[in-house]
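Engineer: Please take these sequences and the hints and turn them into a complete structure.
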Amino acid sequence: MSPITRVLTLVGSPRAGKSTSAALAHLLTAGLAGPGVTIEAVALTTAVRSPLRRAALLAAAAEADLIILAFPIYVDSLPAPVVRALELLAEHWGGHPSLRRPRLVALANCGFPEALHCETALLQCEQFARETGLRWYGGIGVGEGGMLGGLLAAPAPDAPGKPTRGLCLGLHDAATALRADRPIPPEVLAQLARPTLPHGLYTLLASARWHWLAWGNGAWLELRRTPYEA
Amino acid sequence: MRAVVLNGAREGEGRLDQIADLLRAELEGGGWAADVRTLRAITVAPCAGCFACWVKTPGECVMPDGNRAITAATIASDLTILLTPVVFGGYSSELKKVIDHQIVLISPFFMRIGGEVHHRPRYAHYPSLLAIGVQRVRDETAAQCFARHVACHGRNVHAPRTHSTIWQADTPDTALAEQARQAIRLFEEVPA
Numbered sequence: 001m002s003p004i005t006r007v008l009t010l011v012g013s014p015r016a017g018k019s020t021s022a023a024l025a026h027l028l029t030a031g032l033a034g035p036g037v038t039i040e041a042v043a044l045t046t047a048v049r050s051p052l053r054r055a056a057l058l059a060a061a062a063e064a065d066l067i068i069l070a071f072p073i074y075v076d077s078l079p080a081p082v083v084r085a086l087e088l089l090a091e092h093w094g095g096h097p098s099l100r101r102p103r104l105v106a107l108a109n110c111g112f113p114e115a116l117h118c119e120t121a122l123l124q125c126e127q128f129a130r131e132t133g134l135r136w137y138g139g140i141g142v143g144e145g146g147m148l149g150g151l152l153a154a155p156a157p158d159a160p161g162k163p164t165r166g167l168c169l170g171l172h173d174a175a176t177a178l179r180a181d182r183p184i185p186p187e188v189l190a191q192l193a194r195p196t197l198p199h200g201l202y203t204l205l206a207s208a209r210w211h212w213l214a215w216g217n218g219a220w221l222e223l224r225r226t227p228y229e230a
Numbered sequence: 001m002r003a004v005v006l007n008g009a010r011e012g013e014g015r016l017d018q019i020a021d022l023l024r025a026e027l028e029g030g031g032w033a034a035d036v037r038t039l040r041a042i043t044v045a046p047c048a049g050c051f052a053c054w055v056k057t058p059g060e061c062v063m064p065d066g067n068r069a070i071t072a073a074t075i076a077s078d079l080t081i082l083l084t085p086v087v088f089g090g091y092s093s094e095l096k097k098v099i100d101h102q103i104v105l106i107s108p109f110f111m112r113i114g115g116e117v118h119h120r121p122r123y124a125h126y127p128s129l130l131a132i133g134v135q136r137v138r139d140e141t142a143a144q145c146f147a148r149h150v151a152c153h154g155r156n157v158h159a160p161r162t163h164s165t166i167w168q169a170d171t172p173d174t175a176l177a178e179q180a181r182q183a184i185r186l187f188e189e190v191p192a
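As you go down the protein sequences, you meet chains A and B in turn.
The numbering used here puts the first residue of the first sequence at 1, with every later residue one more than the last.
The numbering used here puts the first residue of the second sequence at 1, with every later residue one more than the last.
Just so you know, these hints were derived from the structure itself, not from any lab.
As the structure is a computational prediction, the values presented were derived from the model and not from experiment.
Pair ranges (Cβ atoms, derived): (1) A:TRP212 to B:ALA177: 50 to 58 Å; (2) B:THR174 to A:GLY200: 54 to 62 Å; (3) A:GLY133 to B:GLU11: 20 to 28 Å; (4) B:ASP170 to A:PRO155: 53 to 61 Å; (5) B:ALA124 to A:PRO97: 48 to 56 Å; (6) B:PRO172 to A:ARG165: 53 to 61 Å; (7) A:ARG209 to B:PRO172: 51 to 59 Å; (8) A:GLY161 to B:ARG136: 53 to 61 Å; (9) A:TRP212 to B:PRO160: 29 to 37 Å; (10) A:PRO198 to B:ALA175: 51 to 59 Å.
C-beta: ideal position from N, C-alpha, C; glycine also.
Structural biologist: Structure follows, in structure tokens:
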């Protein structure tokens, strides 16, 4: 198999480049950057919408040595546009058996405190790899995604004392394995699944955030609304 | 009792449309009111992940498309049946585009269920969940993944009872009708 020189990041969040998924993928690919390595990012929500962009997605995937599929968990699984993209990719590879198959890493983040809520989606990514003949290089699951975007945007998120230091070092270790053309070791995946903030603090902050956002929208009194009640 | 069937067949998957018709017949034969929705024929934009349905228009998606009517029908039902090809061990993109919007049915706030954090219910009543995954070729790994996915989904949407089953597309209709009857029977008496 050819060495990893072309990395394709597929961002499955509708917020694309401004998302937590993109931020996590960027940290991972930063560890892969170097002379002769190209890193391209594609936003899947827009890519699946037009024939032209779909064709570009398929072409980019066929050229990649490594695909990083980064996405948020939607109702226990991949968001619908990500499923659609995988359906298109599977159809394309199925119709062209001689096309090279890249390596695949999945990088999921969820809004729950526990990373375990990412497991089903990661199994589905591994199943996708199995069905399409891609080499599965590991599934990263990260919890507390609701806070990570803000924390990772702060200066030097990997600095000692920062809550995101463990996460940043874990992604660095993952990139080290990938650079050596090895799947991400289980101990690195376990490290990445550890919480960034204590669970109780995360749920408290998350609840406070919903209250604050609803108040700002003039919807605080409506938070428990049941519009479809019979 | 009311059942909503969400048919997640993609273009060219006419066999699932036939299965949806078969489900309707078995439901009505069993005294259920059956509401079958063919999702690929309904305009539903992908969920934007904006959380407006939690903090701006709580309980309702800001997108005024087909997602609203489907969600209303879902929460008004006693049983939601998800009919889908098994796609990488999960739901098809057609079905998932609708399921993604159904976070409107739950609260943004957390609670613990079985030692795990989940979202609190928004409504006093939720439908039970039956997921029928259809495979053209038997794939046990995908089938196990599907079962796991449905179990997680049912927990998160506070379904009083959740069941998943895998059907093979080339099974004769008479056999599928019997499988449908057995599956529906599981929900005819659901504990409160």
